[in-house]
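The listed protein sequences derive, respectively, from chains A and B.
Quick note: the first sequence uses the working numbering, first residue 1, plus one each step.
Quick note: the second sequence uses the working numbering, first residue 1, plus one each step.
Just so you know, the hints here were simulated from the structure itself, not pulled from any lab data.
Treat the hints with caution; some may be incorrect.
For chains that are exact copies, the list does not tell them apart, and a pair is met inside one copy or across any two.
Subject to a maximum C-alpha distance of 25 Å in a straight line, what follows is the list of computed SDA-like cross-link-like pairs (lysine to any residue) [to be verified]:
1) Lys125 to Gly229
2) Lys125 to Glu278
3) Lys125 to Glu139
4) Lys125 to Pro314
5) Lys125 to Phe12
6) Lys125 to Asp182
7) Lys125 to Asp60
8) Lys125 to Leu188
9) Lys125 to Arg11
10) Lys125 to His221
11) Lys125 to Arg172
12) Lys125 to Leu181
There are 2 protein chains.
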Amino acid sequence: MALSEFALIDRFFSALTPVRADVVLGVGDDCALLQPSPGQQLAVSMDTLVAGRHFAPGADPVGLGHKCLAVNLSDLAAMGAAPAWVTLALTIPTPDEDWLAGFAEGFGALARTHGVQLVGGDTTKGPLSITVQVHGQLEAGTAMRRDAAQAGDLVYVSGTLGDAGLALLAERGLYVNPDTLDFLRGRLHRPTPRLASGSALRGIAHAAIDLSDGLGSDLQHICARSGVGATLYADRLPMSPGVAEYVADTGDWALPLAAGDDYELCVTVPPHRQGEVEALATRLPGGLTWIGTTDACPGMRVVLPDGRQIDNIPSGYDHFARD
Amino acid sequence: MALSEFALIDRFFSALTPVRADVVLGVGDDCALLQPSPGQQLAVSMDTLVAGRHFAPGADPVGLGHKCLAVNLSDLAAMGAAPAWVTLALTIPTPDEDWLAGFAEGFGALARTHGVQLVGGDTTKGPLSITVQVHGQLEAGTAMRRDAAQAGDLVYVSGTLGDAGLALLAERGLYVNPDTLDFLRGRLHRPTPRLASGSALRGIAHAAIDLSDGLGSDLQHICARSGVGATLYADRLPMSPGVAEYVADTGDWALPLAAGDDYELCVTVPPHRQGEVEALATRLPGGLTWIGTTDACPGMRVVLPDGRQIDNIPSGYDHFARD
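If we strip away everything but chain A, and leave its shape as in the complex, we get (with noise of 0.2 Å):
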């Protein structure tokens, strides 16, 4: 295996997603060429997932190139940003061309759904990791930021909470409902990054977030960036099926409060924008769901259906600590 083998798969790769006429110059040059539109803001997030700590080392090659790409796409539904281009920093032990074919298939499927280039990167000899930064763009001074709640705000989250946690749970044999494995599992290998609903947000919403590390998490950075509290209502969480069953039968609310790996939205809305967001819960997909209001009492409460509050969600999910 030359090194020249290398050189060629950021090729490959890159003719696997779409052009674009603001790509001047892709692969193959020294750096890449990128046209900005007039007056737009870049926004720019990189990610990095390693074997055996973020995935199986024998994990889906294709489920591999669609999350590595859809989480990093979900940081910009976060901000609003339409995206744009992506680079790709893949380290592998061997070039194994079947593994390689299935990776670019998941990767190059998820970017031409959403019309973002392949522009540059590298790929390297070593122990499986992958690290993708995306691009996306923005009227100036109108991203949605995690320091920009109100106290008063609305919180709302997109698509249905605990997922990806339900779904690990699963594969660890610990909770397994063959009925809506095949759905889990899929949230949790093919996370939908939230774009078309960041995009509609971004101008009503005041602060948002993705969900990587879980609702309580990641509703805490809004609430400390901001310099406000927040108030949830359990029995208003959106849940799939599989998990609604599972919290009635163990009465587990941290799988919903604090499971990561979902990858929706949580954003704050001003009230008065509420029939604004109300009419656009009903055609984005995901919808969104109001689930609490934030307000000037620091930290965050949960009230529970039987009307018990729980003072401090839990920041992680027990079962999910990899540490």
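Put chain B on the given structure of chain A with help from the hints.
Just chain B now, kept in the frame of chain A:
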């Protein structure tokens, strides 16, 4: 060690690089927000360095911090772009404070030298690996590309050739001259990105590339993409005293012609601009040396001092084969 320690590292690093007015939002949100300058294009490059492949696992972290940024800045230099922003994906086995402080010192010092701000990235636990992406800007349509050489162009290189290769020979005990060892090791472990040269040559040179794989390999990329050949003159190759002595001792011209890792620039210049380039050569760090001419004859030739001609420049230097 908790995941949160890794998140904190990102913030620790970001404080070590300059604060730029065009960074609307840096480390700490879902995305960084950047304001491109009107009328400019973006140049982006991403490179990965993997322990055990690109550097020894016990390598000096200060040098590593420098080098992982330098090799990326060198790509911006080769397009003639002005560096602006950088992202860093750092995968490390443990959050070793001494190692991190050293790495950040090397990375931060070079970033400050060139006014580059760290705006995002990811720190994860895993086998040591570093991926850096740099973002530069240049006036639309002015980038030096690999495909823009024309037959009859003059070929110039910056700095001296073969220094990093000779340092590797020395580190392996194959050819050691104590008088030049420190200089050579500095060239290998702390390469100088030729940003001033790239910027000055933009608008004058036709094509450019940075010398990472060796003069033979890299100039061949320009030739292949531009549809030209080249003839080089060995007695014109700029060499430091250590490399000149090595070649005099061994007759091994493959070192300056084919060894990699020097990160000098190689450019092709139309003959009518020669006066401007010679004037730049006197004031730019590292200078610029004419080494040959492109022509319409495919392939590359080297005329040795004794008049013999090599028709195939080695495309890699055997001592450095890593596969």
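For Lys125 vs Leu188, is the C-alpha pair at or below 25 Å within one copy, between two copies, both, or neither?
Answer is between: at 21 Å across copies they meet the 25 Å cutoff, but 28 Å inside does not.
Within a copy, between copies, both or neither: which one fits Lys125 and Glu278 at a CA-CA cutoff of 25 Å?
neither (49 Å within a copy, 41 Å between copies)
Evaluate Lys125 and Phe12 at a C-alpha cut-off of 25 Å and name the case that applies: within, between, both or neither.
So Lys125 and Phe12 pass the 25 Å test inside one copy only (16 Å; across, 29 Å).
Is it within, between, both, or neither for Lys125 and Pro314, if the alpha carbons may be no more than 25 Å apart?
Cα proximity of Lys125 and Pro314: across copies only (23 Å, versus 39 Å in one copy).
Go through the copies and call it for Lys125 and Asp182: within, between, both or neither, with a Cα cutoff of 25 Å.
neither (34 Å within a copy, 30 Å between copies)
For Lys125 and Gly229, with the copy left unspecified, which applies at a CA distance of at most 25 Å: within, between, both, or neither?
So Lys125 and Gly229 fail the 25 Å test inside a copy (47 Å) and across (31 Å) alike.
For Lys125 vs Arg172, is the C-alpha pair at or below 25 Å within one copy, between two copies, both, or neither?
For Lys125 and Arg172, the Cα distance is within 25 Å only across copies (22 Å; inside one copy 31 Å).
Pop the pair Lys125 and Leu181 into one bin, within, between, both or neither, using alpha-carbon distances up to 25 Å.
neither (35 Å within a copy, 29 Å between copies)
At most 25 Å between C-alpha atoms: does Lys125 with His221 qualify within a copy, between copies, both, or neither?
between (36 Å within a copy, 22 Å between copies)
Please sort Lys125 with Glu139 into within, between, both or neither, judging by C-alpha distance up to 25 Å.
neither (39 Å within a copy, 35 Å between copies)
Measure nothing new, just compare the shortest in-copy and cross-copy C-alpha distances for Lys125 and Arg11 to 25 Å and report within, between, both or neither.
within (16 Å within a copy, 29 Å between copies)
Are the CA atoms of Lys125 and Asp60 at most 25 Å apart within a copy, between copies, both, or neither?
Result: close both inside a copy and across copies, 19 Å intra and 21 Å inter.
The structure is inconsistent with the numbered hints 1, 2, 3, 6 and 12, although it conforms to all the rest.
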